[in-house]
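Using the hints, build the complex out of the two chains.
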Amino acid sequence: MNDTLHRKHPVPVPHLEAHGLRTALIDAVLKLAPRHIIKNPVMVVVWIGTVITAVATLAGWAQPGFGWAVTAILLVTVLFGNFAEALAESRGRGQAASLRRARKDLTARRLDGSGNENTVAAAELRPGDLVVVEEGQLVPADGEIVEGLATVNEAAVTGESAPVLREAGTDRSGVIGGTKVLSDRIVVRVSAEPGNSFLDRMIALVEGSNRQKTPNEIALGILLGVMTLTFLVVVVTLPFIGGFVGVEINVVLLVALLVCLIPTTIGGLLPAIGIAGMNRALQANVLAKSGKAVEVAGDVDVLLLDKTGTITHGDRQATAFHVLAGGDAAQLRQAALLASLADPTPEGKSIVKLARTKNERLDGHDGAHFVPFSAHSRMSGVDLPDGRVIRKGAMDAIARHVQVQGGVIPAELEARVADVARKGATPLVVSEGRHVLGVIELSDVIKHGIKERFARLRAMGVKTVMITGDNPLTAANIAAEAGVDDYIAEARPEDKLARIRAEQAGGRLVAMVGDGTNDAPALAQADVGLAMNSGTQAAKEAGNMVDLDSDPAKLLAVVEIGKQQLITRGALTTFSLANDVSKYFAILPALFAAAIPQMAALNVMNLASPASAVLAALIFNAAIIPLLIPLALRGVRFKPSSATQLLRNNMLVYGVGGVALPFIAIKAIDVAISALFSL
Amino acid sequence: MSEFLLVFALAVGLGWPLGRYLAAVMRGAPMRGDGLFLPLERPLYALIGTKPERGMSWRGYAGAFLLSNLVLAIVVWLMLMSQAWLPLNPNGAPNMSWDLALHTMVSFLTNTNQQHYSGQAQLSYLSHMMGIVTLQVITPMMGLALAVATLRGLFGGRDAQARQADGQDRMPVDVGNYWADVIRPALRFMLPLCLLWSVLLTSQGVPATLAGGPTVAPVDATVEMKEQKIPLGPVSPMVAIKQLGTNGGGWYGPNSAVPLENPTPLSNLLETLALILVPVSVAFMVGPLTGRRRFAALVFGTMLTMSVASAGFAVWSEANSSTSRDIALMEGKEVRFGAEPSALWAALTTQTSNGSVNAMHDSLAPLTGLVAIGDMLINAIWGGIGCGLQQFVVYLLLGVFLAGLMTGRTPELFGRKIEAPEVKLLAVLVLLQPLILLGLTAITLSAPGLTGNSNPGFHAISQVFYEYTSAFANNGSGFEGLGDATVWWNVSCAVVLALGRYPALVIPLAIAAMLARKRQAPESTGSLQIETPTFALTLIAVIVTLTLLQFMPVLVLGPVADHLALAAR
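Residue numbers (my numbering), protein chains in the order written: chain R, 31 to 709; chain V, 937 to 1505.
Just so you know, not all the hints are guaranteed correct.
[To be verified] Here chain V is said to cover these stretches of chain R; the calculated rule only asks that three of the stretch's residues, wherever they fall, bring their Cβ under 8 Å from a Cβ of chain V:
| hint | stretch |
| --- | --- |
| 1 | 245 to 251 |
| 2 | 328 to 335 |
| 3 | 489 to 498 |
| 4 | 560 to 570 |
| 5 | 595 to 603 |
| 6 | 665 to 674 |
In short, the hints are calculated from the structure, not lab data. All C-beta atoms in this analysis are idealised placements derived from N, C-alpha and C, irrespective of residue type, glycine included.
So here's chain V without its partners, still in its complex pose (with noise of 0.2 Å):
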């Protein structure tokens, strides 16, 4: 209980200053640290040939966003298939296949950090810094760029003020510029974060070399390992980004199960914290960015409820339902830090589409596993950087078109109504996720060549289920023991990682450009006031439902089917 309380008060007590500073560095304004970052910047600005201060269209936004993905891709994908060629590979980790590395770029490109690949062994050092780790960096901030990009739209565009005086309907929206709205919070926000976390990593005993590892004797030495090369590397920079930047890809396959990633119950605390410190900043964000704390209010209210209730739920059952101690379940259970730490862990690595572990997801109670995969169904429970905001827009355009019906009105947000064009790009996305979710799982369940399961029945049913709804959550945790480093696995992941990310960050900045050249009308006591604990419970109640109408099915038959039959045991 006291990791609990503690991990949830210090991310409110840090998140609130974090989330003041980080929409000083979004708005854009003069601020205290530009002596220090503007010379960083305009080189960049330059090189890119854009100035910070020039608005985009949402299509030049989202084109932007789309370009820059691109390159990335382009330029991951290529080192990766090279890397053995290339400098800084003292491991000497071998060229990925074209598969696995398309896989390993997507998944890091979506700020998923899927990994089908170990990477302490197949990975170089030049792959880690300069591929993995740009992407653990960039791609967060270009969620949150996004989301920034959309919370203006809803708000009338940047130019809100201005447009209202001249009348200029015409004119696009200014959603902000897409390239200071990433480099911008990477310099100033993610990396000093990040050095700092690096710091405080190493301290608890985290690697951080360039230099190869040693090779030393096992305790339990045979005569088939008489020695063990103990893979090191400058580790504690990216568990920092990993953890903070809702990445989760670590530099072990294991992940912060790895003594070597998580060494003690302080750099746990830390690690846990860092889950959820940026999405929570993110949250108290939108109050100074939009100059309206209610709904800030409103975001982290119902954010809050839904993470405490279901971080609450997973530690109940990871501790105390009827399976927890199945001896079934044992072989991938972290006893080093039990039952409350592991699961408080996983509820928080799969609300915000983290992916991280300290335990195998593989080996948690089925109804602990339940929890991990109910929270990345939902994926706004906080959600990743940006992403999470994001869906939760799409949940909110949502509830507010029910509820604003049951007000007798003709459904509106902030004044501006939603209407056909609207609804239908939110359908697109409300049918997206279980198409592709089910589908893929009954595709793949059905072809049981392609599974390459460890296990048999429901919990099979749980591995798949789980692996394609972390892939389109963005999350990318796994439940392992699923043999996924396959051409069908690859490939499959990859297509869904992008559909999971690029339609739920680009149809919401949409949406909120469509709404912004609506006529706003002013709010009074019949328009429905989403500021309040009736809408946000209303909120929550058409979240859970939703979810629930959609998967409840598979998840009977998976994780809910999984616990009955070890509990009839």
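Pulled out of the complex, with its shape left as it was, chain R reads as follows (with noise of 0.2 Å):
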């Protein structure tokens, strides 16, 4: 579907396949107890059936061949269906049992009150508790660095062998139990509950033990029930009212049209569907809380996406420096180089690198005090021993910082701004005590294909807002070069918060990118939260999915699998009923033929005899389960098109296809099963 769905597994599962089937075999048999059958009312039905059918042939009240034909085909039909949930729920078990290596055996160094260390097992760990972890150790427990920082291998969850990055006290705190430190030593707060970790939870989920029916399927659900129902009252008072006309309907008849009749096939397969909804996302290496996030992940009409990494590398880089008219261009050159000498951004060694190639070979002062970015100051800087106070940063920020201090705003620095954010660039302006010295150019480079990806989610009816600390000017450029519908420049992390509500005051549902700790109301108030797994842990709790590759364009490919989620349920829900009406055109004709010889008229496949017509339709039942559920499991073939196109097609194919498809089918299977056993 697209590059970021199947670039990876999470863990290499290549014996799956055979494997996989064999488990699902046996388990679509386990899956036979009334304790399990009872949960799929569709499937209650065929299984009652087929007990009905096998006590009816028993007592000889129907030919003892076909009787036993029918019972065994309805068995095998309840049998497709629990196999169809059985296959899908082992997709996530040979996850879920590399997962679980990971977890067992995990021991801990402890610190008590006093700062000495005792070996425990990890289960013993609760939330609160500071553990040691050092390089070559596993991460005991899902926690937070509060001292430190390491390189940590998450493959283990992740699947990505490449080392991550985590420090305390910045937006990647978050430590995971089960992953290896590979270096350096950290100190961890405990965050999770024995057995109710991240790892834990991952494990439930994938394993499918605790799926709650998402609304949508309950729904849906009531819908097939009352469907079953209906049927059941057709079947039932058919030989009532036959009777009259002396038609007499054998129970076996009875039973075999009332299974072809009721939603066999979106019965079946429904499970399946919302299993491998969640299983796809995790595929995309998502982890989606519950199956209710995916569904609801489909109906996201604003997508609120942080500019950087999302939209653009996010590495800026400086570009040029602009010195305003009169003022000295070495001087300017200068202060920005002290200024991000010990700045560690991308954009600050950006800085360095572009002074260095205009010649500047000045040293950083011994003393220096660096001044960080916040997001409340929105500037970075040095205070000089000597006294000077450099400071780069958003236009207004600066201006403000100027201001009071004394200074004037040189009236041409609006212009120059200006400029620079007309590029699409990022202006940094640069002051040196009261003075305004000029601007640093940043330049964005927007992703490869990020505009297309909006072009469909726009024609999908889902609105794009990017939010950005740019300028408005540099923010209006970028989004116009990438193609998003709005932008919020100059954004603090309560606007985030602030934008969510707004839309969902107008009824709109939302979904949002965050890793920070500030990001968590946002990411809990958002519809759809996907946090990322770098982000801190309070990020990871408020969100209701977790990117395991922290990469927030994601969000587009999950917004996809929600929206195939439920294309998959109405398509085979409607080819479901579609194939009720070419079925009534194969059973009703042999109902009635042998006491009404006229009904031979509604016989339009010219199937061979009654027996083999109803066979053949049963036969046709049964099969389209097992031919069906790679497509519940893959999801039916989605192209982003509006609303009517999409129906148009899904009509087409699964409506018509759904009537056309069984006429064809029932005929093929009728000539193959008639010259066979020459019923």
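Pasting the structure below:
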């Protein structure tokens, strides 16, 4: 479907297919237990029908060969339905097994109140405990780094073998139990109860053991249930009505008619579709905390996307210094360099690099005090021992800073900033003391293909909103270049929350991506909150999905998975009901043929005999379930387009096709079995 | 063909302005005619103790509807059982038995007008005028009221804007004032239209008198029957309301097949037009009432497509199908009018839940009978006044549920999500129809002592199934030849009549009110566009498929087998 979806599997599972099929077959039989089958009202009816036909055949009410054939096909129908569900579950189970390996036998070095280490089993850890983890050791429990930084291999959870950096006090401070520290020493504050860790929940989700039916699945289930009841009424009343004109209908035939009519196709595949939706998300390395989250993703109207990392690569590069008229180019270069020497951000490094290429040889001062960027001051810089105060930042932030010290803003500045911004670049204003020196141009590189994605989202009716700390002009340029529908410039964390609330008040469903602790309220407020795995524990708790790859662009894939899941349900329901029309044409003439010879006129498929007609319809009815399992697991092919276009395509394929296909298939099966068994 | 085209052209041409007028009446804002009608309406509101502008919650609205029905039920039932002792009975009609009175009362109270009696002989003028005609005027307006309230709910309630502004989600949704919604259209719309039609019909020779009928010598007088009493009465007003109000219950037993009810080709045209005029107007009313023209276009377009298709097939089948001229069917055919007007009437009267006839449906070609039954099973091709729209909303919700899924979103109608609680209520309606119709048909057919059939075999299945279908659809037409004035038929039909009316009117209102309380999502290209040809075709497919799936076996054993058997002779 798209590049992020099938990029990699979290766990290599080459043996899954053969092994998974075998366990799924065994599970399909085990699921015949009444305790399990009762959860699926459609299949319960088939199951009871199987028992009735078996009893009727034993009692001699039907011709034995025919009776047992019908009984066998009905049993196989139930097994096929169970098999579909079991197969979907087995997909996840392979992943669960390898996750479980990561969890077992962990020990922890717990710190007591006085700082002494005790070695304890990981199961004894409680939230709030502090543990030490050093190079080469496994993190014993989920938690937050309170001291130090480390490179961590999270392959056990994410399947990604490249190490990631985790650091105290940043938005990347969360560590997951079962992952391995590759370098350095960290102190972690445990945040999860034993048995309720991220890994535990992930295993439970993957196995589908605590899978709740989603709201839409429940609603559709009610509809399928009532259709089943309706057909029960149709079939139960039929012998009484037929009896009036001398039509005697065998109980085996009645059960056959009932099973052909009730929506066994969608009924058998419905659980599999739900499990497969979560599995597809998981294949995209997105861990949905519930099936509902995936379903809601399909309904999302607005995506709130951080510019950095989602729309652009995020490492903006300094490309030019613009000195103000009458200023000194060297002074600007030096100030920019000094302000950036201790700045660890990619932007800071790129400014140093640019200055060096312009032959600036200045070194850092000893005793310089670096002032890091903060979301509130929105500038960074350096306080030098000689009293010089250099700052770089967004224009309005610098302007306020300069004005507070009694400086004036040169009239020219605004035009310069606007020039840079118009190019789609970010202007960074540099000041020294109360003087504005000039502007650094930071160019932002937009990710390849992102514009096409937004166009696809727009075609699906999803609006994209870019969130950026840039000034409005820069933001507008990038927004236009990337093709987003709207943007929030100079955004602070609380702006995200406010925007989400505003969209929701207008009735729209909002999805957003976040990683920082200050994103947590917005992630919680959003209808779909996709937290980055690299983010803080708070963000991961607040979101209802976690992206193990920490790729914000994944949100787009999640929306498509959600839609695909709903379309699959709708298409297969339509197909199932459309099939019934054709099945009536196979079975009704067969039922009435003996008593009413004129009914032969309705045998439009010209089926060989009543027995072969009924068996052909039943075989089609059973066989269509496994034939559609790949579709249920993979999802209906989905090309982003307008709702009307989607409806037209799906009605043609699954509605019209659903009426036409059984005519052809039942005729073909009839030809085959009537020749084989001379029925 | 000419009558077919003329009727549809006139219905659309007149329905358009009438629909706009009806929308103004139902909106309740000051309008032309207030000077005339307000003085008539105010005392009625005072009598009931309501203020027309006071809104009601859906429960209050449904409660008022049920209460008004209960009061009318008791009054009319008592009147029918004591009419011999009451005034205005020049023809000496006797008191009705309890069960026949019960069936008659329920039948008229539910806007069905299924008649297990012959009006001219068994009802006094008082019962006709005060009981029957009053119900014929009021009950279609009750259906209209419920449909209008449902539409208000679907668009967020009358107080939608205020609720949105205040964020008062806890307040119940205002779906309108039931009493005003019944009284206003009855006085301002239905009665003036009936007056016009009854004058037009009187001009064609339909009787309109309070005097008793004359006694004359028949042209083929015999010793046993030297003279015959011609029953007369205020016939033309009743014919007007029975045609216009999707009622169907005529003065005379054979309904508009009797020359006294339908004397000329022009009267036949007027009466055929009147069958669909108000239902078409109600479809047109949707646009101005909801402020959403495209939605009205969906309603009108879908209904018109199905109407033309079904009427066209009926006309073809009655004139040209292989069994149309079978001698076995000639007994009740209307040779005065011929095949086309008979079949057109049969199709329109079953589409609109009217139920009046100008030819006996028992004698229609079996395939024409199939159309008539199919129309009543669907019951939303125009449908009864208001009821048709309610049933349409049910299909719409089902269609939106399926189609919405196929567009990749949780299904929503006008931006409001259809979820499990709504689907549960829809499920009740989906199940109720086959349960009642097939269940009672099966019981009746397996106890032939109860059925009183005049025909054996497939035709009897058609007769019994038709009778219950007609009752459940609140249509009222009959496949005559059924000895239906028995306790079994009276009581079972009375139950079916009530079950066919009250859930079908109240449940869509409840669903609409539930939807109104939900957060409304703005519509985008990603949300299902229901006002498109694609969705209209999907909706028709859903309607036809659902009906086929539920009733194909019984239809095959009834009219289809009937046709095949006759054709094979």
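For each hint, the structure was consulted:
no.	hint	result
1	245 to 251	holds (count 5)
2	328 to 335	holds (count 3)
3	489 to 498	holds (count 5)
4	560 to 570	violated (count 0)
5	595 to 603	holds (count 6)
6	665 to 674	holds (count 4)
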